[in-house]
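K.L.:
Fit chains B, C, D, E, F and G to the given chain A structure using the hints.
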Amino acid sequence: MSVSDIKRIVLDVLKPHHPGIVELSQHLSVLEGVSGVNITIIEVDQDTETVKITVEGNAIVFEDVENSITEAGAVIHSVDSVSAGKRLVEEVETSQDR
Amino acid sequence: MSVSDIKRIVLDVLKPHHPGIVELSQHLSVLEGVSGVNITIIEVDQDTETVKITVEGNAIVFEDVENSITEAGAVIHSVDSVSAGKRLVEEVETSQDR
Amino acid sequence: MSVSDIKRIVLDVLKPHHPGIVELSQHLSVLEGVSGVNITIIEVDQDTETVKITVEGNAIVFEDVENSITEAGAVIHSVDSVSAGKRLVEEVETSQDR
Amino acid sequence: MSVSDIKRIVLDVLKPHHPGIVELSQHLSVLEGVSGVNITIIEVDQDTETVKITVEGNAIVFEDVENSITEAGAVIHSVDSVSAGKRLVEEVETSQDR
Amino acid sequence: MSVSDIKRIVLDVLKPHHPGIVELSQHLSVLEGVSGVNITIIEVDQDTETVKITVEGNAIVFEDVENSITEAGAVIHSVDSVSAGKRLVEEVETSQDR
Amino acid sequence: MSVSDIKRIVLDVLKPHHPGIVELSQHLSVLEGVSGVNITIIEVDQDTETVKITVEGNAIVFEDVENSITEAGAVIHSVDSVSAGKRLVEEVETSQDR
Amino acid sequence: MSVSDIKRIVLDVLKPHHPGIVELSQHLSVLEGVSGVNITIIEVDQDTETVKITVEGNAIVFEDVENSITEAGAVIHSVDSVSAGKRLVEEVETSQDR
Numbered sequence: 001m002s003v004s005d006i007k008r009i010v011l012d013v014l015k016p017h018h019p020g021i022v023e024l025s026q027h028l029s030v031l032e033g034v035s036g037v038n039i040t041i042i043e044v045d046q047d048t049e050t051v052k053i054t055v056e057g058n059a060i061v062f063e064d065v066e067n068s069i070t071e072a073g074a075v076i077h078s079v080d081s082v083s084a085g086k087r088l089v090e091e092v093e094t095s096q097d098r
Numbered sequence: 101m102s103v104s105d106i107k108r109i110v111l112d113v114l115k116p117h118h119p120g121i122v123e124l125s126q127h128l129s130v131l132e133g134v135s136g137v138n139i140t141i142i143e144v145d146q147d148t149e150t151v152k153i154t155v156e157g158n159a160i161v162f163e164d165v166e167n168s169i170t171e172a173g174a175v176i177h178s179v180d181s182v183s184a185g186k187r188l189v190e191e192v193e194t195s196q197d198r
Numbered sequence: 201m202s203v204s205d206i207k208r209i210v211l212d213v214l215k216p217h218h219p220g221i222v223e224l225s226q227h228l229s230v231l232e233g234v235s236g237v238n239i240t241i242i243e244v245d246q247d248t249e250t251v252k253i254t255v256e257g258n259a260i261v262f263e264d265v266e267n268s269i270t271e272a273g274a275v276i277h278s279v280d281s282v283s284a285g286k287r288l289v290e291e292v293e294t295s296q297d298r
Numbered sequence: 301m302s303v304s305d306i307k308r309i310v311l312d313v314l315k316p317h318h319p320g321i322v323e324l325s326q327h328l329s330v331l332e333g334v335s336g337v338n339i340t341i342i343e344v345d346q347d348t349e350t351v352k353i354t355v356e357g358n359a360i361v362f363e364d365v366e367n368s369i370t371e372a373g374a375v376i377h378s379v380d381s382v383s384a385g386k387r388l389v390e391e392v393e394t395s396q397d398r
Numbered sequence: 401m402s403v404s405d406i407k408r409i410v411l412d413v414l415k416p417h418h419p420g421i422v423e424l425s426q427h428l429s430v431l432e433g434v435s436g437v438n439i440t441i442i443e444v445d446q447d448t449e450t451v452k453i454t455v456e457g458n459a460i461v462f463e464d465v466e467n468s469i470t471e472a473g474a475v476i477h478s479v480d481s482v483s484a485g486k487r488l489v490e491e492v493e494t495s496q497d498r
Numbered sequence: 501m502s503v504s505d506i507k508r509i510v511l512d513v514l515k516p517h518h519p520g521i522v523e524l525s526q527h528l529s530v531l532e533g534v535s536g537v538n539i540t541i542i543e544v545d546q547d548t549e550t551v552k553i554t555v556e557g558n559a560i561v562f563e564d565v566e567n568s569i570t571e572a573g574a575v576i577h578s579v580d581s582v583s584a585g586k587r588l589v590e591e592v593e594t595s596q597d598r
Numbered sequence: 601m602s603v604s605d606i607k608r609i610v611l612d613v614l615k616p617h618h619p620g621i622v623e624l625s626q627h628l629s630v631l632e633g634v635s636g637v638n639i640t641i642i643e644v645d646q647d648t649e650t651v652k653i654t655v656e657g658n659a660i661v662f663e664d665v666e667n668s669i670t671e672a673g674a675v676i677h678s679v680d681s682v683s684a685g686k687r688l689v690e691e692v693e694t695s696q697d698r
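Protein chains in written order, with this note's numbering: chain A, 1 to 98; chain B, 101 to 198; chain C, 201 to 298; chain D, 301 to 398; chain E, 401 to 498; chain F, 501 to 598; chain G, 601 to 698.
Hint data in this document are derived by calculation from the structure and do not stem from the laboratory.
For glycine and all other residues, C-beta sits at the position ideal for the given N, C-alpha and C.
Hints may be right or wrong, so weigh each one.
Claimed, not checked - In silico DSSO-like cross-links for lysine-lysine, where the CA-CA straight-line distance does not exceed 30 Å: (1) Lys686(G) x Lys586(F); (2) Lys86(A) x Lys686(G); (3) Lys186(B) x Lys286(C); (4) Lys286(C) x Lys386(D).
As the list claims (entries may be wrong) - Which residues of chain D face chain E? A few of them, derived with a C-beta cut under 7 Å, are: (5) His377; (6) Val379; (7) Glu391.
Just chain A, same shape as in the assembly (with noise of 0.2 Å):
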């Protein structure tokens, strides 16, 4: 079966404070197919953070995405969200989640 791009992750991942957030962006955002990185933290803890961390590009290869955040000695709580295909489709809102 043919594979088609991912143009967006969103992950929850736990890291130490060292490498910084600043640090990590910018490994991140070189990745081949990785056209611009956000990190925004969410809860800091005395030893680690818990940050949300937003991928996007034309084809973004998810492996390199997580060595990238492993080499850093962080952990991927989880893949909150997922968009692929030609183009970018956003999570649409509908009554029930009101």
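P.N.:
Frame of chain A, contents of chains B, C, D, E, F and G only:
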């Protein structure tokens, strides 16, 4: 009776943890008539997870979407929203919804 | 008195589970004067489901919409909103609605 | 004193169930100076229903709108909002409204 | 000191029921330098009603607006917001407003 | 060190009732480098009123703004927000603000 | 490993009252690679104030931003959000954030 094109389907799906949403979104997004897919995690349980799948395209074939989901060992709990026709119509919020 | 064009109708409909909203949206969207339809599930009961149907087009024929819904074994509970005229006018929220 | 053009009127109207809002919206939308009408149900009672009517156009004649509503056996409870002038001005929300 | 142009004024006004807001909005919208007016009902009492009047234009003359309102037997309770200058500046919401 | 241009300042100001916000907004909007001003009433007390002043322009001179406000007998309680640089940057809301 | 461009940084900073945010925003906005800065007051205490600093540009040098803040006698409490890459990616809100 002629049949018009499905432009968007929003599904409430219960799935095992594997395949993950990265893999499932890629399988769905290569279906004919599909231009993009978003899968977002709604709730995670021990053996399963509830996800919301949004499929958009010019002429989605619902049976193909159903088959791909079933092949992944997942179950469609409900079809929450469908848009069909020559162009994509959004749900309109009225005074009664507020 | 001349009669103007209906551009959008929002309906509160009670329907049996079959036909599903995929099938019903396709039947409605092929009606003359209709350019697109959205059907969203509001509530699911044992034998029936309440859905919100939004029909948009350049010149919707209300009787045709009614007939398609009746043929599907469904009942229009209420017509919640109608837009008619040369262009589609949205409901305006005023201070009194907040 | 010269009189400027009315671009939008929002009305709170009490009406009998017949004629329905599909028919009433069509009657209002063919009035001179009117380009479109939205009627949304606010509350349904046994013999009557409260609706919000939004009329937009380049030069709405308020008396014509009043007459059409009266002919339908309905009563204008209040004129909730009016926009007049060379262009349509929206109500602006200020700090005091929040 | 030179004086710049008023682009928008938002007024909190107490008025008798007559003239109605249709008539008052038309009187205000024909003033020189005014391009449009919105009047929205905030609260209705037995003999009076509180309305919010939004006046927009390229060079509003505040005294003319005041006079038109006074001639209608109404009273300006407060001038809630003013935008002046070469272009219309909106109120900006900051962290402290949330 | 070179100094860049101020594009927007948001001020929390305590002022006497006179001059009113119409007059004050006009004085501020004619200052060099200012393209527009919004003044919105936040709270009215017996002898004073608290207002939010938003000044926008290509190169606002803060001292001039301060002087105009002081000349009006008003006091700057706080400078709530400043945008400076080649283009106007908005405050970004992050997960921590929600 | 190559390093990509930082497009936006959002900082939580504790600073003395002097220099004020007008002066600090100007110093930050002249740094190389920075196109604009917003500083918004979050909380004011007796000797210090907590501010949110949003820096945007084509290639922000984080060390320069840090140095400018330190020179102003201020302390970065946390880097709340970073966007890096060829284009600015925003944090995406998912079902889990609502």
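K.L.:
Please name the hints from earlier in the document that this structure breaks, with their numbers sorted from lowest to highest.
P.N.:
5
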